[in-house]
Structures are given as C-alpha cells and as structure tokens.
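J.: Note that the sequence shown covers residues 4 to 474 in my numbering.
Worth flagging that the hints you see were computed from the coordinates, not collected in a lab.
Be a bit skeptical, because a hint or two may be false.
Label-pair restraints from in silico Cβ distances [claimed, not checked]: (1) Thr135 / Arg91: 35 to 41 Å; (2) Gly155 / Val380: 58 to 64 Å; (3) Thr327 / Ala221: 43 to 49 Å; (4) Asp422 / Leu145: 54 to 60 Å; (5) Val256 / Glu56: 45 to 51 Å; (6) Pro141 / Ser397: 42 to 48 Å; (7) Asp422 / Leu379: 26 to 32 Å; (8) Val256 / Arg206: 51 to 57 Å; (9) Thr222 / Arg175: 20 to 26 Å.
Calculated pairs, DSSO-like style, for lysine-lysine (alpha carbon to alpha carbon, straight line, at most 27 Å) [as the list claims (entries may be wrong)]: (10) Lys231 / Lys103; (11) Lys460 / Lys449; (12) Lys180 / Lys192; (13) Lys192 / Lys149.
Backbone N, C-alpha and C fix where the C-beta goes; we use that ideal spot for every residue, glycine too.
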Amino acid sequence: MNRTLTIAWREFKATVLTKGFLIGVLVVPLMMAASIPLVLLLTSMKPPAVAGEVAIIDLSSSPGGEHEASREAVLARLTPEALAERVRRETGEGLREAGKMANKVDPRAGEALAAAAPTIEAAAVADLPSLTTRVLAPDADLDAEKAVLLEGTPYDNTRLALIVIDPDAITRTPDAKEFGSFRLFVKAKLDSRVQGMIRSQVRDGIVDARLAANGHVATDIRDLMRIKVPEAQSVTKDGDKAWGELQQMLVPVAFMILLWISTFTGGQYLLTSTIEEKSSRVMEVLLSAVSPMQLMTGKILGQMGAGLLILLLYSGTGVAGLLTFGLGYLVSPLNLVFLLIFFFIAFFSIAALMAAVGSAVTDVHEAQTLLTPVMLVVITPMFLMMPIIWNPNSVLATTMSFLPPINPFVMVLRICSSDPPPLWQILASAGVGIVGVFVLLKATSKIFRVGVLMYGKPPNLVTLLRWIRMA
4 MNRTLTIAWR EFKATVLTKG FLIGVLVVPL MMAASIPLVL LLTSMKPPAV AGEVAIIDLS
64 SSPGGEHEAS REAVLARLTP EALAERVRRE TGEGLREAGK MANKVDPRAG EALAAAAPTI
124 EAAAVADLPS LTTRVLAPDA DLDAEKAVLL EGTPYDNTRL ALIVIDPDAI TRTPDAKEFG
184 SFRLFVKAKL DSRVQGMIRS QVRDGIVDAR LAANGHVATD IRDLMRIKVP EAQSVTKDGD
244 KAWGELQQML VPVAFMILLW ISTFTGGQYL LTSTIEEKSS RVMEVLLSAV SPMQLMTGKI
304 LGQMGAGLLI LLLYSGTGVA GLLTFGLGYL VSPLNLVFLL IFFFIAFFSI AALMAAVGSA
364 VTDVHEAQTL LTPVMLVVIT PMFLMMPIIW NPNSVLATTM SFLPPINPFV MVLRICSSDP
424 PPLWQILASA GVGIVGVFVL LKATSKIFRV GVLMYGKPPN LVTLLRWIRM A
C-alpha cells in the first residue's frame, strides 16, 4: 500500500508542479477573466462619425397622393429627434437591466449606475449618425440610384442607403395574403449598427402608416401592446427567488463542464504519462519495484488528485462568484456533494480506459485509434445535453443514467435540472456506476498487465479483448 501511495504522490507532483499544468489550469482562466474588460473597452470605443444621405423611393404613394402618409411616417422616423429617442429608450432599458444585477451585488453599485445613466445616455446619443433624407420620384431609375452608393465612403457625407417601399406596403391588395415590405440597399462597409438602426426605423415607420391608414393611432396601439415581462420567481423556503430559462440551462451545463474538464484533464495526463514511461523504458524500472496492479492503481490515484484539484478550484471559484452576485441559491450544497461523488465514479471509469490504452501503445498517434470508439461512447451525453436538460425525466435520460461509463455525466445534468430525479434514482445510478468501475478496473488491469511490457505492432480492439480473456 505504501508503494502504491508513493507512486500516486510521484504522479501527482509530476503533473501538478509542471508549468503546463499551472498555465492550463490557472493562467488561462485568469487570462479569460482579464480579457473581459478588454473586450468591453474595445466594443465601447467610439467609431468614426457616420454622415450621409438616405434616399427613399416610395412606390406605395399613388399619383394622387393617397398614401403619402407612408413616406411621411418613414421620414419622421429618420429625423435626429426620432433616432435620439430610440437610442435613449434602448440605452435606458439596458441600464435598467444592468441596475438590477448591480443591486444584487451592492445597492450602492445600483445607485451609482442610476446616477451615471444620464451621462451614458448622452454619450450614446452623441455617437448617432448624422442622416439627411431625400425623397426620389416613384419612377426613378433604380439602377442609377443604386450606383450612387458606390461613391465615397460612409464618413464623407455621401449617400449611405437607398430605401424602396413596395406598392402594397401600406394597403394590402385584395388577392394578397400579406402586406408588402421594403428593400434596403446600403453602401459597402457601412457600420452594421447604422444599418440596423435605419432598417428598424423604416420598419416602424411603415407600421405607423399602416395603422394610420386603418384609423388607428400608432402610439396608442404600441402602448396597448407593451407590457413589462417579469422574471419567473422560484418559490423557496428562503423566499421567492428569480429563476429564468437561462439560469435553468446555466447550472446543469456548468456542472457538466466542470465534471468533463476535471475528469478528462486528469485522464489525458494519465494517458500521456503512461505512454511516455513505456516508450522511454522507465516503466521497466518501476515494475522491478512494484506489481503492475500497484503501478496502475498509483498512477490513477495520482491523476485523480490532479483532477480533483481542478474540480475544487473551478467549482469553488464558480460558487464564490454566485455568492458574490447574490445567486448562491442556484446551487444546492447537496448538489455539490453529488457532483463530488459522481466525479470519483466518472474519473475512475475514464482513467481505467486511459491507462489500458496507454499501456498498450508506445505512441500517442497509436492511442488515438484505440480511443476513438471509446470517446464516441463517452461524449454521447454532450450531444444529448439539451434534450436531457429540457426533459430530465424522459425515458432517454432515465435509461442513460444507468449505463456506465456515461451515467455520471447524465445524472449530473438531471440533478441540476429544474425537475431533478428522485433520490432513489440518484443512489441507484451511483451504485451502478461503482459496479461499473470495478468491472472496468478488473478488465483494464488485465490489459495493463499484458501490454505494459509489450512493444512492436500496436494491438487492435480484438487483441485487447483477447488479452482480457487470457490474462
């Protein structure tokens, strides 16, 4: 036992105390966290001022001017005042949502954001494009007008866009099932935000004209249709808590990724170290002091420590972040316990397979051939993740919860879903997983015993099965 623990400690140190491990586990997440403010800074940089003309060909206006309201409604939507109003409304909505999140962290942060709101809105309005409008005749040459868009750049006060309103955009023809729309032609490389703003304003202007043509006031109709959508409130013993669809997906996916990263990172290190020791003949020296079973067990335990360290670091960081933002109720302490239990089951299953494959080959490329069918089975929960989250108690999800070696990953998704399975299923799945681990360890230990000192042509799956029978 002491020799097994010595090998485990050696394996753990050889993995955890390397620069590659520290960079992969610690530095990369820190770089990702540091990149967030950088991305926000880059996206918030003020672009060059866009200035130019928007031309309109209104085919819906009859010669007698019956539907001139369509053109007038679109023109009204493209005025500086209308554009500024839209930006203020959208910016205000975004600030209100940000304020809700800030209040969960610290009410003072929410108050500071509310105080800065007028300044932020003013800055957003200052970045608006300077648009002028020009109405063209309905019989204008479309190709010639489009050619004007080829002149100049979006920043030198030339034509930016050409809007063509369909003849039936306001009044539907008797035999038509739907209204007409409009076409939008823009200058190449025009800022996509400006394109979106023009498109939205023209659309709203046409809707205003349709409502007016039917005797309605657009503002009244929009007020009637506008309703503040509340967040779903999850009723808990500690009171009502906000619970939305995003949160419903976020927790199971986060637990799944945690389990996946910690398990397969340790398993990959185990595969690599086994191949390196075998190809460099270090394995022969180790086997002169310990048995193949002791060596395999020690290596698995050592890499399990590395995987457990990753799990604790990442899960601890995640829980701390949730607590900081007042979202600690999303993660139950019991779910963390189940995550730890299923981590051990998942890791021993994957590690046993990795150790067996690593002992059978002398090169990483050879290992890929043997790992492919194994990985196709193991990554099945990743492909079926969304169906399991949305319907955690379906026949598919329940069945996969009792199929080693994928049952730990499936059960973690189900436990963290909005409709977790009953306790007996969780315990039964853990029991099946433990039995599966013993079966896998027994089979893979036979492969390890035979393959660890075998060199030459790499075996195929049939050969590995033969080793299991003969060992």
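J.: Taking the hints in turn, state whether each one holds.
T.: Hint-by-hint comparison with the structure:
no.: 1; hint: Thr135 / Arg91: 35 to 41 Å; verdict: violated, 21 Å
no.: 2; hint: Gly155 / Val380: 58 to 64 Å; verdict: holds, 60 Å
no.: 3; hint: Thr327 / Ala221: 43 to 49 Å; verdict: holds, 44 Å
no.: 4; hint: Asp422 / Leu145: 54 to 60 Å; verdict: holds, 56 Å
no.: 5; hint: Val256 / Glu56: 45 to 51 Å; verdict: holds, 48 Å
no.: 6; hint: Pro141 / Ser397: 42 to 48 Å; verdict: violated, 58 Å
no.: 7; hint: Asp422 / Leu379: 26 to 32 Å; verdict: holds, 29 Å
no.: 8; hint: Val256 / Arg206: 51 to 57 Å; verdict: violated, 35 Å
no.: 9; hint: Thr222 / Arg175: 20 to 26 Å; verdict: holds, 23 Å
no.: 10; hint: Lys231 / Lys103; verdict: holds, 14 Å
no.: 11; hint: Lys460 / Lys449; verdict: holds, 19 Å
no.: 12; hint: Lys180 / Lys192; verdict: violated, 36 Å
no.: 13; hint: Lys192 / Lys149; verdict: holds, 15 Å
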